[in-house]
Structure formats: C-alpha cells, structure tokens
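Chemist: Protein chains in written order, with the working numbering: chain A, 5 to 359; chain B, 5 to 359; chain C, 5 to 359; chain D, 5 to 359.
Careful: at least some of the hints might be erroneous.
In this list, chains with the same sequence are indistinguishable; a pair is considered to hold if it fits within one copy or across any two.
Subject to a maximum C-alpha distance of 25 angstroms in a straight line, what follows is the list of computed SDA-like cross-link-like pairs (lysine to any residue) [unchecked claim]: (1) Lys289 with Val37; (2) Lys178 with Arg283; (3) Lys178 with Ala238; (4) Lys141 with Glu31; (5) Lys141 with Val120; (6) Lys141 with Arg98; (7) Lys141 with Asp99; (8) Lys289 with Arg234; (9) Lys289 with Pro310; (10) Lys141 with Ala54; (11) Lys289 with Val333; (12) Lys141 with Glu65; (13) Lys141 with Glu55; (14) Lys178 with Asp352.
If you are wondering where the hints come from, they were derived from the structure by calculation, not from laboratory data.
Number of protein chains: 4
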Amino acid sequence: MSNSTTTATTTATRMFSSDNAAGASPEIVDAVVRAAAGQASPYGSDTVTAEVRRRLCEIFERDVDVLIVSTGTAANALSLAALTPPWGSVLCHRDSHINNDECGAPEFYTAGAKLVPLGGDDAKIDAAELRAAVRNKAGDVHSVEPSVVSVTQATETGAVYTLDELRTLGSVVKEPGLRFHMDGARFAGAVAALGATPAELTWRAGVDLLSFGATKNGTMTAEAIVVFDRSLTAELSFRAKRAGQLASKARFHAAQLDAYLTDDLWLRNATHANAMAARLQDGLKAIPEVDLLGAAEANIVFCRLPQQVIDSLLSEGYVFYHDRWEPGVVRLVASFATSPQDIDDLLDAVRRHTA
Amino acid sequence: MSNSTTTATTTATRMFSSDNAAGASPEIVDAVVRAAAGQASPYGSDTVTAEVRRRLCEIFERDVDVLIVSTGTAANALSLAALTPPWGSVLCHRDSHINNDECGAPEFYTAGAKLVPLGGDDAKIDAAELRAAVRNKAGDVHSVEPSVVSVTQATETGAVYTLDELRTLGSVVKEPGLRFHMDGARFAGAVAALGATPAELTWRAGVDLLSFGATKNGTMTAEAIVVFDRSLTAELSFRAKRAGQLASKARFHAAQLDAYLTDDLWLRNATHANAMAARLQDGLKAIPEVDLLGAAEANIVFCRLPQQVIDSLLSEGYVFYHDRWEPGVVRLVASFATSPQDIDDLLDAVRRHTA
Amino acid sequence: MSNSTTTATTTATRMFSSDNAAGASPEIVDAVVRAAAGQASPYGSDTVTAEVRRRLCEIFERDVDVLIVSTGTAANALSLAALTPPWGSVLCHRDSHINNDECGAPEFYTAGAKLVPLGGDDAKIDAAELRAAVRNKAGDVHSVEPSVVSVTQATETGAVYTLDELRTLGSVVKEPGLRFHMDGARFAGAVAALGATPAELTWRAGVDLLSFGATKNGTMTAEAIVVFDRSLTAELSFRAKRAGQLASKARFHAAQLDAYLTDDLWLRNATHANAMAARLQDGLKAIPEVDLLGAAEANIVFCRLPQQVIDSLLSEGYVFYHDRWEPGVVRLVASFATSPQDIDDLLDAVRRHTA
Amino acid sequence: MSNSTTTATTTATRMFSSDNAAGASPEIVDAVVRAAAGQASPYGSDTVTAEVRRRLCEIFERDVDVLIVSTGTAANALSLAALTPPWGSVLCHRDSHINNDECGAPEFYTAGAKLVPLGGDDAKIDAAELRAAVRNKAGDVHSVEPSVVSVTQATETGAVYTLDELRTLGSVVKEPGLRFHMDGARFAGAVAALGATPAELTWRAGVDLLSFGATKNGTMTAEAIVVFDRSLTAELSFRAKRAGQLASKARFHAAQLDAYLTDDLWLRNATHANAMAARLQDGLKAIPEVDLLGAAEANIVFCRLPQQVIDSLLSEGYVFYHDRWEPGVVRLVASFATSPQDIDDLLDAVRRHTA
C-alpha cells in the first residue's frame with residue numbers, strides 16, 4: 005500500500021454540474037500558504053479577520069460586521085435564525101436553495117420556523133404574491149407569523165434580480181416591518197452582471213443580512229455573513245459558536261476571504277465565469293438542435309438537448325444535471341476556473357453529437 | 005490604502021495559550037495546494053474523502069465510517085446528538101469542554117438534552133460517581149434519562165485516561181445500555197503518551213463515536229467523527245448537512261486529514277508536542293520559585309509562578325492563561341510547531357524574572 | 005365590585021363557527037364532579053386513567069397504549085415528534101390543521117421537521133401525489149427525508165376518507181417504510197358516518213398513532229393519543245412530560261375520557277352532530293337562494309349565501325366563518341349540543357332573510 | 005363487563021405525598037359545572053378569561069397580562085423561554101423543580117438554554133453565589149450567557165423567601181440586566197405565610213413573570229402565567245399556542261381560576277393548608293422519637309422517623325416520600341383538603357407506632 009497522499013482532482017475539466025467542482029484561485033491558495041506559518045490569535049481575534057471586515061466595509065460603503073463561516077448553508081441558516089422567531093415564517097421562492105437543498109437547516113437553526121414557498125418566474129419571488137404573503141394571518145396566534153423574506157441573488161436558475169426589482173421587494177418587505185435576507189451564494193456574479201454597486205443591491209434596498217458567497221467563486225471553505233443591521237451581531241456570534249461555526253484557527257478562513265476581496269478578485273472571477281457562460285450560450289445558439297431556455301444572466305445556462313447528445317456527452321465524461329426538470333433539459337454551470345478552451349471543447353462535443 | 009493581503013501570523017512564537025495558535029504542518033499545506041488544482045466531485049464524493057476513510061479503517065483496525073467537519077465543537081455536538089434523545093442526559097466531567105466552552109452547542113444539536121456534570125481528579129470522570137449517575141432516575145419520566153457518557157482524551161488539564169481506566173468506564177457505561185462518546189480533541193497526544201493502540205483506546209473499550217481532533221495538532225480547519233457504531237452513519241450524515249457541516253468543496257478538508265494520517269504525521273506531531281511539554285516541565289522543575297502542578301502527560305503544563313514572573317512574561321509578549329484558576333496558576337501549552345528553542349527561550353525568561 | 009364568579013356562556017346557541025363553542029356532555033360533567041372528591045394518585049397513576057386505556061383497548065380490539073393530553077395540537081405534535089426525526093418531512097394535505105392552524109407546533113415538537121403540503125379534493129390527500137412524495141429525494145442528505153404521512157379524519161372540510169381510501173393510502177405509506185398518523189380531531193364523526201369499525205379505520209389500515217379527538221365532541225379539556233405501535237410509548241411519555249402535557253391531577257382529564265367512552269357516548273354524540281348537520285343541509289337544500297357546496301359527510305356544512313343573508317344573520321348574533329374562502333361561502337358546524345330547534349331556528353332565519 | 009364509569013379517588017385521605025393528591029375545591033367544581041352549559045367563544049376569547057385577568061390585576065395592584073395553561077411545567081417552561089435566548093443560562097437552585105423534575109421541559113421550550121444550578125439552604129438561592137453567577141463569562145461567546153434567574157416561592161422544601169431576601173435577589177438579578185422568574189407553584193402558601201402583598205413579593209421585587217400555581221391549591225388542571233413585563237405577552241401567546249397550551253374550550257380552565265380568585269379562595273385554601281402543616285408539626289414536636297427538620301413555613305413538614313414507624317405507616321396505607329434523602333427522612337405535605345381529623349389520625353398513628 006502506498007502511503008503517498010491522494011489527489012482529489014481530475015485533470016480534465018468536464019464538470020459543468022456546479023461551480024463547486026472547481027478548485028481555488030491561486031491568490032487564495034497563496035494566502036492560505038502564508039497563513040500556515042507562525043502563530044495567530046484564535047477564534048477570529050487575528051488581524052486578517054479584522055482586515056476582511058475592513059475590506060467589506062469599503063466594498064459596501066458603510067460600517068458592517070462580518071461573521072465568517074464554513075458553508076453557505078450555515079450562512080443562510082444562521083442569518084435566518086437571527087431574523088425570525090421560532091414561531092415565524094420565512095417567505096422564499098419555492099425553488100430556493102433554503103427550501104429544497106439544505107435538509108432543513110433553516111428549520112434547525114431557527115428552532116422550527118416555517119418556510120412558506122412562493123412562486124415567480126426564473127426563481128425570483130413574484131412581488132404581488134409576496135405582497136399578500138407578508139400580511140397573511142399576521143398577529144394570529146393560530147398561524148406562524150410572517151417574519152423574514154429571503155431572496156437568492158443570483159437565483160437558483162442563474163437569473164438576476166434587477167435593482168428595481170430588489171427595491172420593490174425591499175419596500176414590500178419593510179413596510180409591514182418584516183426582515184430581509186439575501187442568499188448571495190452567487191452574489192459576485194449578480195454584481196458583475198448588473199453593474200450596480202454592492203451597496204445598492206443590498207442594504208440600500210433594505211437587506212438586513214447577506215450571505216456573501218465565496219466558495220463557488222474561488223475560495224475553498226469560507227463564506228461570510230455581512231451584517232448590515234449591526235444590532236444582530238452579538239446574537240449571530242453566540243449562534244455561530246453554538247452551531248460549531250467559530251473556527252479555532254479562524255485565520256485560515258479569513259485568509260481566503262482576504263485574498264478574495266483583494267484587488268477585486270471576487271469581481272474578476274465572477275466576470276470571467278459570466279463571460280464563459282455567455283461564450284457557451286453564444287456557441288449553443290448557433291447549433292440548430294439546441295434550444296436555449298431563457299437568457300443566461302450570470303454563470304448558468306439552461307438548454308434543451310436531444311437525448312442522444314446528452315448520452316454522448318455523459319459517456320465522454322462530461323458531468324451536468326439533466327434529469328431534474330423536463331426530459332432533455334440540461335443545466336451547465338461555468339466557474340472562475342472554466343477556460344475558453346473548456347467551453348470550446350464542450351461546444352465541439354455538442355456539435356459533433358448533433359451532426 | 006494598500007491592496008496587498010494581510011498576514012495574520014507573528015514571527016515570534018510566544019503563544020503558549022493554546023495549541024490552536026499554531027499554523028499547519030507543511031505536509032498539510034502541500035496537500036491543500038495540490039487539492040486546489042483541477043476539478044473534484046463536491047460534498048465528500050471525491051476520492052480523497054474516500055482515502056481518509058480507508059486510512060482511518062487501517063488505523064483503527066476495523067471498518068469505520070467518517071464524517072469530516074470544520075470544528076471540534078461540531079464534531080462533539082453532532083456526535084452527542086446521535087447518541088442521546090432530546091430527553092436524555094449527557095454525563096460528563098464538570099470541567100469538560102462540552103460543558104463549559106461550547107456555548108451550549110450540545111444542547112442545540114441535541115434539541116435540549118441536559119449535561120450532567122460529574123467530578124473526578126484531573127478532569128477525569130470518577131468511576132464511582134459515574135456508576136451512580138448512569139442509573140439515576142432511569143426510566144422516570146419526571147427526569148431526563150441517562151443516555152450517553154462523554155470523556156475527553158486527553159483531558160482539559162492535559163491528563164490522560166489510562167487504558168484500564170477507559171475499560172472500567174466503558175463497562176460502567178455499557179452495562180446499563182448507555183452510549184459512549186470520546187472527545188478526542190487531543191486524541192493523538194493521548195495515543196502518543198500511552199503507547200496503546202487507537203483501537204484499544206476507543207471501540208475496544210466501548211466507544212461508539214470519537215471526535216478525532218486534528219486542528220490542534222497540525223491541520224487548518226478539519227476534524228473528523230470516527231463512527232464505530234455504523235448504524236449511526238446515516239443519521240449523522242443528515243444531521244451534518246442540516247447543521248451546515250457538509251462542505252461543498254469537501255476535498256479541502258479531506259486533503260488536510262489525508263496528509264495528517266499519512267506516514268503517521270498525526271502521531272509524529274503529537275509525540276513532538278508532548279516532548280516539548282516534557283522539556284518545559286523538566287526545565288521548570290529546576291527553578292525553585294516554580295511549583296509544578298501535577299505531571300504533564302500530554303502537551304499541557306500547569307504550574308504556579310510568582311506574580312512578578314507572570315507580569316514580566318506578559319510584558320515580553322508571552323501569551324498564556326493565568327487568571328482562570330487560583331492566583332499564580334498558569335497553563336502552558338506546547339504544539340507540533342513548538343521548537344526546542346521556543347521552550348528554551350521561555351525557560352530563560354522565567355529564570356531571568358525569578359532571579 | 006361583585007365578587008361572584010362570571011359565567012362564560014351564552015344562553016342563545018347561535019354559534020355555528022366551530023364545535024368547540026359547545027360546552028360538555030352532562031355525563032362528562034358528572035364524572036368530573038365525582039373526580040373532585042377524595043384523593044387520587046397523580047400523573048396518570050390513578051385508576052381512572054387505567055380504565056380509559058382498558059376502554060380504548062376494547063374499542064380498538066387490541067392492546068393499545070394511551071397518552072392523555074390537554075389539546076388536539078399537543079396530541080398531533082407529540083405524535084408527529086415520535087414518528088419523524090428532525091431531518092424528516094411530514095406529508096400532509098395543504099389544508100390540514102397541522103399545516104395551517106397550529107402555529108408551527110409540529111415544527112416545535114419535532115425539532116424542526118418540515119411539513120410538505122400535498123393537494124387533493126375535500127382536504128383529502130390525493131393518492132397519486134402521495135405516491136410520488138413518499139419517495140421524493142429519499143436518502144438524499146441535501147433534502148429532508150420523507151418520514152410520516154398525516155391524514156385528518158374527518159377532514160377540515162368535513163369530508164370523510166372511506167375505508168378503501170384509507171387502505172390505499174396506508175399501503176402507499178407503508179410500502180417504502182414511512183409512518184402513518186391520523187389526526188382524529190373529529191374521528192367519532194367519521195366512525196359514525198362510515199359504519200366501519202375503529203380498528204378498520206386505523207391500525208388495520210396501517211395507522212401507527214391516532215390523535216383521538218374528544219373536546220370537539222363533548223369533553224372539556226381532554227384528548228388522547230392512541231398508540232398502536234407500542235414501541236413508541238416510552239418515547240411519547242418522556243416527550244409529553246417535557247412538553248408540559250403530563251397533568252399532576254391527571255384524573256380530571258381521565259374522568260372526562262372515561263365518561264366519553266362509556267355506553268358509547270362518543271358515538272352517540274357524533275351521530276347526533278352528524279344528524280344535525282344533515283338536518284341543516286336538508287333544510288338549506290330547499291331554499292333556492294342557497295347553494296350547497298359538497299355533501300356534508302360529518303358535522304360540517306359548506307354553502308354559498310347571498311351577502312345580505314350573511315349580514316343579517318351576523319346582525320342577529322349568529323356566529324360562523326364566512327370570509328376565509330370565496331365571497332359568499334359560509335361554513336356551519338353542528339355539535340353534540342346542537343338541538344333540532346337550533347337548526348330549525350337557523351333555517352327560519354335564512355328563509356326570512358332570503359324572502 | 006360493567007359500563008359504569010370508574011371512580012379515581014379513595015375515601016381515606018392518607019396521601020401526604022403531595023398536595024396534588026387532593027381533589028378540587030367545591031367552589032371550583034361549581035364553576036366548572038356552570039361553564040359546561042351553553043356556548044362560549046373559544047381559545048380564551050370568552051368572558052371568564054377576561055374576568056380572570058381583571059381579578060389578577062386587582063390582586064397584583066397593576067395591569068398584568070395572563071396566560072392560562074394546563075400544567076405548572078408548561079407555566080415554568082414557557083416563562084423561561086420568553087426570558088432567555090437559546091444561548092442563555094437559567095440560574096436556579098440545584099434542588100429546584102425546573103432543574104430536577106420536569107424532564108428537561110425548560111431546555112425544550114427554550115431551544116436548548118442551559119440550567120446552571122446554584123446552592124443555598126432550604127432550596128433558596130444563596131445571594132452571594134448568585135452575585136458571582138450573574139456575571140460569570142457574560143459576553144463570552146464560548147459560554148452560555150447568564151440571562152434569567154428563577155426562584156421557587158415557596159421552595160421545594162417548603163421554605164419561604166422573605167420579602168427582604170427577594171428584594172436582595174431582585175437587585176442582584178436586575179443590576180446587570182438579567183430577567184427574573186418566579187416559580188410560584190405554591191405562591192399562595194408563601195403569601196399566606198408572609199403577610200406581604202402579592203405585589204411586594206413579585207413585581208415590586210423585580211419579578212418579570214410569575215408561574216401562578218393553582219392546581220396544588222384547589223383547582224383541577226389550570227395554572228396561570230402572570231405577566232408583569234407586558235412586552236412579553238405577544239411572544240408568550242405564540243409560544244403557548246405552538247406548545248399545545250392554548251385550549252379550545254379555554255373557559256373550562258378559566259372558570260377554575262375565576263372561582264379560585266373569587267372571595268380570596270386561593271388565600272383561604274393556602275392558609276388552611278399551612279395551618280394543617282403547623283398542626284402536624286406541633287403534634288410531631290411532642291413525640292420524642294420524632295426529629296423535626298427545619299420549621300415548616302408553608303404546607304410541607306420534613307422530619308426524621310424511626311424506620312419501623314415508616315414501615316408501619318406505609319402498611320396502613322399512608323403515602324409519603326421517604327427514600328429520597330437520608331435514611332429516615334420523611335416529607336409530609338398538607339393541602340387545602342386536609343382536615344384536622346386527617347392530621348390527628350396521622351399523629352395518632354405515629355404515636356401508636358412509636359409507643
């Protein structure tokens with residue numbers, strides 16, 4: 005038996021299943037290597053953690069607090085726990101990650117709040133439906149109390165809420181006094197796509213807490229909660245510790261985020277991923293057998309492929325989701341690490357199999 | 005404003021406050037760097053995660069399952085949640101980390117089980133007290149039900165349960181049908197100190213789940229639950245996801261553990277840390293003004309220092325706990341990264357200030 | 005200020021809003037009066053509690069265990085907590101009481117399980133929808149695990165699952181290993197309507213736990229969980245105590261149920277309530293301005309009334325729900341205490357206002 | 005098989021195990037009988053529930069809100085849940101009911117807060133110990149946060165906090181901003197013993213929420229939370245519903261409390277119970293073989309009896325606790341229903357067996 009360590013990764017880059025198949029940006033790797041030498045104060049009292057906060061204040065153009073956690077699920081669930089009582093409801097899109105893909109983490113962290121699923125195109129919450137939901141049975145002890153609205157930016161289908169849409173939702177949320185959470189698992193992609201500022205897209209539209217995604221866009225294991233309503237910071241800190249989310253060697257998470265925020269790496273990575281999705285979309289558009297479904301606004305492309313193309317791609321080692329929606333519908337996700345060559349190879353393969 | 009990333013660490017290595025002030029072993033850093041290139045399957049379906057499991061099976065001489073998590077608090081709290089119902093009690097030492105230092109994480113993860121603190125020297129549970137506690141009000145619906153016993157190996161004071169002690173406790177736990185958890189935050193140090201095998205010190209003594217500590221001993225942000233009772237694996241997997249402990253780029257945690265377990269790095273690191281504590285202890289023994297308190301069995305030394313020595317060390321930049329017990333009592337912790345020179349410098353400083 | 009005690013009740017019996025507006029059956033009042041004299045063992049160790057269990061064993065033609073609780077919400081939530089892990093899902097009708105009217109009690113008692121709402125006519129779960137739901141993402145840690153199905157008998161709209169329907173659902177539930185709960189808030193009404201035996205309608209169709217409703221049908225403050233899967237009894241007992249549902253003077257609840265089960269009072273009351281609803285339905289049918297909506301199978305009548313009739317009835321002191329569905333839709337509920345005269349008075353009033 | 009209902013109670017009144025062995029006061033029985041006739045609004049919107057609140061405002065000389073629940077465990081656990089966050093600690097006496105006898109109900113309702121047991125004579129919290137505990141690790145995220153102090157009045161051993169003692173504790177609680185809960189399971193007995201007003205003994209000493217015990221002192225199944233900090237009322241209402249503590253036919257609980265509070269029945273009952281305990285104590289004092297342990301301040305007498313006396317009393321059908329403390333120590337509890345003859349019979353029996 006060999007005692008050498010194992011390599012997890014493949015040299016081929018044929019995974020278009022999710023941006024989490026990618027590795028980490030070189031700048032982030034370097035920062036982690038540097039953090040490994042010497043000693044540092046534990047539990048987030050180190051200087052890099054402070055620097056991450058400083059950078060986020062700058063990016064969001066105001067004082068914010070920051071909690072660094074290890075997963076997006078933790079970022080979302082902790083945020084929601086601080087924004088709803090156990091007898092509250094979380095209004096979210098029926099296709100949202102918190103509703104479908106977190107194994108009830110929001111219910112666990114909130115001590116049993118109820119997720120109320122709403123509709124809307126492209127996984128965006130419909131404003132009219134929300135307007136009814138925020139007042140539904142409010143104050144009635146027989147029902148859970150509408151407490152927080154959670155939007156995903158960019159959405160689970162890769163669509164992006166426009167600034168106007170966010171402002172509208174924000175006012176629907178705030179008028180009756182609810183709280184506003186944004187799951188920003190792909191927040192960088194949305195900022196890159198919209199051209200609006202991070203401030204405009206969040207707290208200026210009423211967002212109280214933002215799950216600031218980083219892992220899908222270049223870090224290894226670090227995510228952040230950006231706290232706009234700083235009255236929540238102490239509560240979040242206790243909840244994070246209690247949830248096993250306060251790392252003892254916190255500098256290793258902080259170093260990732262520090263590099264991620266330096267020299268706009270987060271935006272450069274997202275801009276690149278969006279461009280790769282656009283390149284893919286443009287290529288697919290030119291193939292008559294392919295139906296594009298919606299327009300890729302960030303780094304996700306949905307299309308319909310003939311079944312034999314799907315089968316052929318899979319047999320060549322391509323990895324992507326294809327059995328979750330209607331037959332023939334395929335989701336392809338680009339990432340910061342996707343190269344133009346990766347896209348062109350995929351387009352070639354599709355062309356070959358449709359020929 | 006500079007845009008260069010910040011360095012968290014100090015060049016001086018004067019932190020003896022905890023082993024979590026150290027960085028990471030070079031082998032582990034290398035493994036993380038390698039994991040950053042290319043693509044890998046997410047959520048633990050990668051090849052390195054499988055390799056970690058294979059290595060732990062080998063080390064523990066039997067089939068085990070493994071859950072990789074990001075903190076020791078999560079490892080402990082998840083384990084306890086799988087071993088007690090919400091109406092159960094967790095019998096533990098009153099000085100244990102789970103009782104004092106995790107902000108109620110066990111209560112959170114277990115949905116409200118009760119920690120029942122027991123006494124015993126050196127933070128080791130007294131067997132006679134345990135014998136009474138495991139049957140206390142068992143079956144009485146007015147009381148919480150004795151359900152799981154948790155021991156820390158090595159203990160919070162750096163003491164080590166002997167193999168005989170563990171076997172005794174194990175039989176006290178198992179005879180009335182309770183479950184047995186080991187918080188192995190410093191498990192490597194205990195193995196290194198005792199010479200017994202990992203198997204003897206755990207499942208052969210009745211342990212059902214082990215929090216296999218790694219961060220204090222050389223990794224960055226990775227810990228593992230070693231599952232001896234594999235009927236618990238599915239439950240633990242759901243609980244881990246729900247707790248935000250299933251990393252999307254899980255290979256980055258797995259790579260740390262893979263390197264940690266390769267070529268006995270985990271034992272070499274612990275043996276070194278223990279040797280550094282012994283070197284410190286031997287040096288302090290020769291200084292008349294210093295009272296050693298107990299014998300360092302792993303990597304922690306307790307002693308009593310004159311107040312002016314404490315003050316002088318602090319003013320030189322040394323960092324250690326000194327105000328938590330009686331006046332003058334000091335805790336000094338060595339780690340895998342502590343050098344003989346670091347120890348000798350500290351001893352020189354103590355000598356200087358007592359002169 | 006008068007020191008005499010206050011009377012809660014009205015002499016007019018114009019509340020058709022719910023069967024919980026009624027008082028208690030005279031036999032039950034007598035039993036409570038008798039229970040008030042002398043001493044009894046507390047916490048359910050009294051002889052009447054044992055007698056209630058004996059009567060339920062007889063009624064259900066097998067050994068059952070019984071937990072007596074103070075509300076239907078507690079009966080439902082406790083039952084569900086024993087049938088699903090926190091990471092499980094509860095499949096139920098979207099109009100069910102547990103989903104809409106218990107302020108998240110199931111989520112609280114289960115430590116955060118997720119209610120998954122299903123469709124179906126007359127608030128009955130559609131078997132085809134259920135068939136898909138019981139296997140949806142089973143075993144996938146990213147999703148909650150389908151764990152328990154809860155049906156309401158009679159349903160929230162007063163419809164009754166036939167024996168065949170229950171058997172079909174039962175086999176859909178049990179084939180993949182899920183658990184089966186019945187919210188029997190109006191179970192007596194269903195038994196009275198169907199003519200099938202209590203055994204056939206519950207455990208013979210696969211039901212594991214039954215919330216055996218009593219308060220709506222003649223008791224004051226007592227409900228029961230009938231435990232067919234007796235391996236759950238110990239867990240339920242601890243959960244009940246912990247939930248504040250173990251009454252110290254438990255005999256006062258038990259006495260209500262004992263009288264309720266004696267000489268078929270529970271069935272006689274339900275038969276009467278159903279007959280009163282039928283009388284009301286027959287009367288309304290003859291009034292051209294009234295549209296009956298569905299057929300009353302138990303004690304609930306839905307109909308559409310002209311708005312001026314609704315207004316006039318309300319102004320005469322009649323109480324009923326009318327603003328929860330489409331405009332003009334009205335729900336009228338009869339109870340064990342409704343007299344033929346009460347029904348005839350109501351019919352007269354409707355006729356007068358439509359004239 | 006007979007179909008007649010069963011009688012729970014015994015004619016002999018030899019249960020001195022707890023005041024919950026007693027039945028209900030005749031005035032309370034009458035009120036329940038009256039409540040059973042006619043219709044009433046459900047869920048506490050009836051007129052008697054309003055009247056209970058009015059009476060409690062009068063008794064406590066200020067505006068209070070009231071939640072009526074079915075058990076003392078629910079009253080305590082709900083109150084604590086409103087006064088501590090999940091990451092908080094509940095400081096209480098180590099012998100308190102909430103710590104030992106509620107199967108973790110406080111942990112369940114609070115979503116995992118931690119009970120921190122303190123010492124003190126006669127089950128009263130020692131003020132000096134409390135003074136240290138209220139600041140212990142406050143603000144430290146590694147530890148639970150001191151949040152609420154709970155005292156039992158009268159205590160589990162029948163002792164009574166004096167007005168001065170309560171004022172002292174109240175200031176210790178309030179100075180650093182903690183909340184103050186009183187478990188008044190035997191509150192009436194304390195008021196009767198002390199002569200101080202209900203207001204002085206509660207909110208004027210800083211109490212935020214009072215579990216106002218009634219069942220041990222004459223009601224059947226009704227307890228109340230008296231809410232002095234009315235900003236907590238909405239939260240308590242949601243929590244109560246969600247816990248299954250909002251009765252649909254709430255008038256049946258309210259009627260009990262209404263009668264209990266009318267014409268000082270609650271104080272008359274308690275005064276009588278205390279007098280019976282005093283009569284018992286005086287009688288025992290005259291028997292040389294009996295050692296009285298402490299002075300009965302309310303309705304509980306502790307004494308030491310020769311083992312053969314204990315055995316003989318048990319064989320005659322007397323019921324009391326005797327195996328929970330040191331050998332020979334016996335607890336005897338009088339109630340509102342204990343007659344002078346009951347006491348004299350018991351004294352005769354003790355004399356006979358010691359002769």
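Chemist: Which constraints among the numbered hints does this structure fail? Numbers only, ascending.
Modeler: 1, 2, 4, 8, 12, 13, 14
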